[in-house]
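Trainee: Chains A and B, in that order, give the protein sequences.
Residues are numbered in this note's numbering as their position in the first sequence, beginning at 1, plus a constant of 851.
Numbering follows this note's numbering, with no gaps: position 327 of the second sequence is 309.
Hints listed in this document are in silico derivations from the structure and should not be mistaken for laboratory results.
Possibly wrong hints are sitting among the right ones.
As a list, the in silico BS3-like pairs of lysine-lysine whose alpha-carbon atoms are at most 25 Å apart [stated by the list, open to error]:
hint: 1; chain 1: A; residue 1: K1100; chain 2: A; residue 2: K931
hint: 2; chain 1: B; residue 1: K232; chain 2: A; residue 2: K1147
hint: 3; chain 1: A; residue 1: K1056; chain 2: A; residue 2: K884
hint: 4; chain 1: B; residue 1: K181; chain 2: A; residue 2: K1113
Reference listing, derived: stretches of chain B covered by chain A, where coverage requires no fewer than 3 residues with Cβ under 8 Å from a Cβ of chain A [stated by the list, open to error]:
hint: 5; region: 57 to 65
hint: 6; region: 103 to 109
hint: 7; region: 173 to 180
hint: 8; region: 255 to 265
hint: 9; region: 333 to 347
Calculated Cβ distances over 12 Å to all of chain B for the following chain A residues [to be verified]:
hint: 10; residue: D993
hint: 11; residue: E1037
hint: 12; residue: S1137
hint: 13; residue: S1153
Cβ atoms here follow ideal geometry from the backbone N, Cα and C, with glycine treated the same way.
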Amino acid sequence: MKLNRRNFFKLAGVAGAGALATGTKKAQAWESKAPEDPFGCLVDLSRCVGCRKCEQGCNEVNKLLPPERPFADMLLLNEKRRPDANSYTVVNRYFTGKSDEQDHLLPTYVKIQCMHCQDPACVSACLVGALTKKENGTVHYDVSKCIGCRYCMVACPFEIPAYEYFDPLTPRVRKCTFCFERIEKEGGVPGCAAICPVEAITFGKRSNLLDQARTRMKKDPARYIDHIYGEHEVGGTSWLYLSDVEFNKVDFQDLPSEPIPKLPETIQHSLFSYLWSPIALFGVLSVVMAKAQSKKKEEDES
Amino acid sequence: MSHSPSATHLKFFTPGVWVMLVFMFMGAVAVVARFTWGIGSVANLDNSHPWGIWVGIDVATGVALAAGGFTTSFLAHIIGRHHYEPIVRPALLTAMLGYTFVVLGLLVDIGRTWAIWKPIFNWNTNSALFEVAMCVLVYLHVLYFEFAPTVGEGIGGRVKTFITAVTDKIMWIFIILGVVLSCMHQSSLGTLMLIAPTKLHPLWYTPLLPLLFLSSAIAVGFPMVVFETTLVSSSLKLDSEMKILTPLTKITIFTLGLYMVLKVGDLFYRDVLGYLLDGSTQSNSFLVELGFGVILPWLLLITPGVRKSRGMLFFACCLIVGGVVLNRINVFLVGYHSPYAQTSYFPSIGEIAVTAGLIATLMFIYRLAVTFLPVLSASKQEVSA
Chain A
852 MKLNRRNFFK LAGVAGAGAL ATGTKKAQAW ESKAPEDPFG CLVDLSRCVG
902 CRKCEQGCNE VNKLLPPERP FADMLLLNEK RRPDANSYTV VNRYFTGKSD
952 EQDHLLPTYV KIQCMHCQDP ACVSACLVGA LTKKENGTVH YDVSKCIGCR
1002 YCMVACPFEI PAYEYFDPLT PRVRKCTFCF ERIEKEGGVP GCAAICPVEA
1052 ITFGKRSNLL DQARTRMKKD PARYIDHIYG EHEVGGTSWL YLSDVEFNKV
1102 DFQDLPSEPI PKLPETIQHS LFSYLWSPIA LFGVLSVVMA KAQSKKKEED
1152 ES
Chain B
-17 MSHSPSATHL KFFTPGVWVM LVFMFMGAVA VVARFTWGIG SVANLDNSHP
33 WGIWVGIDVA TGVALAAGGF TTSFLAHIIG RHHYEPIVRP ALLTAMLGYT
83 FVVLGLLVDI GRTWAIWKPI FNWNTNSALF EVAMCVLVYL HVLYFEFAPT
133 VGEGIGGRVK TFITAVTDKI MWIFIILGVV LSCMHQSSLG TLMLIAPTKL
183 HPLWYTPLLP LLFLSSAIAV GFPMVVFETT LVSSSLKLDS EMKILTPLTK
233 ITIFTLGLYM VLKVGDLFYR DVLGYLLDGS TQSNSFLVEL GFGVILPWLL
283 LITPGVRKSR GMLFFACCLI VGGVVLNRIN VFLVGYHSPY AQTSYFPSIG
333 EIAVTAGLIA TLMFIYRLAV TFLPVLSASK QEVSA
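Chain A on its own, in the form it takes in the complex (with noise of 0.2 Å):
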């Protein structure tokens, strides 16, 4: 373990030296890769009937495999059911005490998949990029790059991306793609909101779905409550909801508007960016090193 002292000093400076300039740079703010127009979609749970005509559509379109009982099958609706690794999109329905004028309950019925996060959670966390957020708003997954770490499914808030847990070689994480090749396409629409019989679900540009909410508030502030379920949750989800009962009554959770990529990445960059604080701790380790081995030296001599 012998080491040449210039060297040592020389390697030290350019490592300090190194550290300084790009520490400087490091104090950049964090900034949000939100794409400027998404498209999104409007799910209007006043206008839901359960019919579960969207699971079957995006059953058919992104040819899953068919389910262990038919869609038609409304008995499903007594229980409370996830996305999972077969099923992208699942309807649910919840007694909230809504009562129509005999005092017979009403049903609010709940589709769930993926929110397609601005800033998701889950592309943030991928360690390979196999989770990216395209332009057109889609949250995008890559299996060719997938290493099955499950990182994704730890991060994503709305505990929404599902896992081949049977698969013993190739399982693949599965969640909504919002029909990422239909809606490349001019004039393609997602294939649940493509089947939806009663216009419950809107698909068009994320900018102008938040204005039609709106306007559909406005016009009939008495069926609605006033708030836009996806318009400021965790910073913003493609797919947005409007209600006309408490969001928390029927399993949606209170987020917080914050994109929450934003603590960890602000951590990981301001330690990381250009490596600046591992260089410079082998700069000073380095001096340290070579101070105590001189030390030995002239004991050693002495």
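Since chain A is already given, all that's left is putting chain B on it; use the hints.
Mentor: For chain B alone, kept in the frame of chain A given last:
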């Protein structure tokens, strides 16, 4: 260097070794099942609980407990406290084996084992996991390089001459690199869970998490050395090394104290003390972690009598090691709250078999290494007949 490590050349197949072999066999059965029928057939993982003990223990805890490697090499080689030289090799061996098993654990846990190389070519520098992966990959090889001279000495002859020639001049780079890489990924392991602010319990979710992970890894480094040195010298009937361990743990008073101040200060600063006594599993687990894993052993260590007594010191260090283990389990598993889960996670027999099998294999190879390679410096005890 005044110390002279040597192979122990003791009897290898003791009853303890057979017990390890049994655990290794059970782990192997579970691994075969995982690669035949999928992760779901062996593990209690689902869409609400994507990470279990294979990440929380095999990876996160494994990395933390391997911190003895870089902390001792910092002490003995970088700041030149050569008095501590005898503990560097065993700590290095533990670190090397520890990281090897972190990677083996990962190979079992990730869905596409054969794709493990992909992060080398597909970079997402926004991801803390990317940094952890890169650091672990490089550090593993740094550790192999650092351990190579020991293997060379064990084999002797031309191999030794060759390895010495290759490693001697540039070893200092690897020693420093080992410390730098360790600081990087020990902290980034803490950054990992910052991506889940709505899922991780507020007792653990803090922007300080990377610093807490780093400082706890540094704090657990020497106690881990005490832990294994005591176990090894008891098991192999070697002389105890208290004259090194006592001053070593004096340093731990400072490092563990720093971790304690950061952890407790963070609780006050974020004003989350209200969660401490709500009787939930999370708050109880946090109290045990902090009380028995940090505060109690710190109070023990500041007592000089404890540091001089082999048994008491071992006990205090066990508490510290246990506290860090529990902390990693808390952050990755106990404190992880799924918003939609209908069941809570508890590891399956298969998951436990894999983890126990990996630990047994690690101990088995450690035993193999100290038997045939010059790792340990303590001399054999005189058998009093």
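Trainee: Indicate, hint by hint, whether the structure satisfies it.
Mentor: Going through the hints against the structure:
At roughly 13 Å between alpha-carbon atoms, A:K1100 and A:K931 fall within 25 Å of each other, so this suggested pair holds. With a C-alpha separation of about 23 Å, the suggested pairing of B:K232 with A:K1147 holds against the 25 Å cut-off. A hinted pair counts as satisfied when its Cα atoms are at most 25 Å apart, and A:K1056 with A:K884 qualifies at roughly 18 Å. Straight-line distance between C-alpha atoms of B:K181 and A:K1113 comes to about 16 Å, which keeps the hinted pair within the 25 Å bound.
Interface restraint, the region 57 to 65 of chain B with chain A: holds (5 residues with C-beta to C-beta distance below 8 Å; minimum three). Counting residues of the region 103 to 109 of chain B whose beta carbon lies closer than 8 Å to any beta carbon of chain A gives 6, which reaches the threshold of three, so the coverage claim holds. With 8 residues carrying a beta carbon less than 8 Å from a beta carbon of chain A, the region 173 to 180 of chain B meets the three-residue requirement, and the given coverage holds. For the region 255 to 265 of chain B, the proposed coverage by chain A is not satisfied: 0 residues have a C-beta within less than 8 Å of a C-beta in that chain, short of the threshold of three.
Here's how the region 333 to 347 of chain B fares: 0 of its residues keep a CB closer than 8 Å to some CB of chain A, so the rule of at least three is not met and the hint is violated. The non-interface label for A:D993 is inconsistent with chain B: the shortest C-beta to C-beta separation is roughly 9 Å, within 12 Å. Here A:E1037 stays apart from chain B, with its beta-carbon at least about 31 Å from theirs, past the 12 Å limit. Its beta-carbon lying about 6 Å from the closest one in chain B, A:S1137 breaks the requirement of being farther than 12 Å from that chain.
A:S1153, annotated as away from the interface, keeps every beta carbon of chain B farther than 12 Å; the closest lies near 16 Å.
Checked against the numbered hints above, the structure breaks hints 8, 9, 10 and 12 and satisfies the rest.
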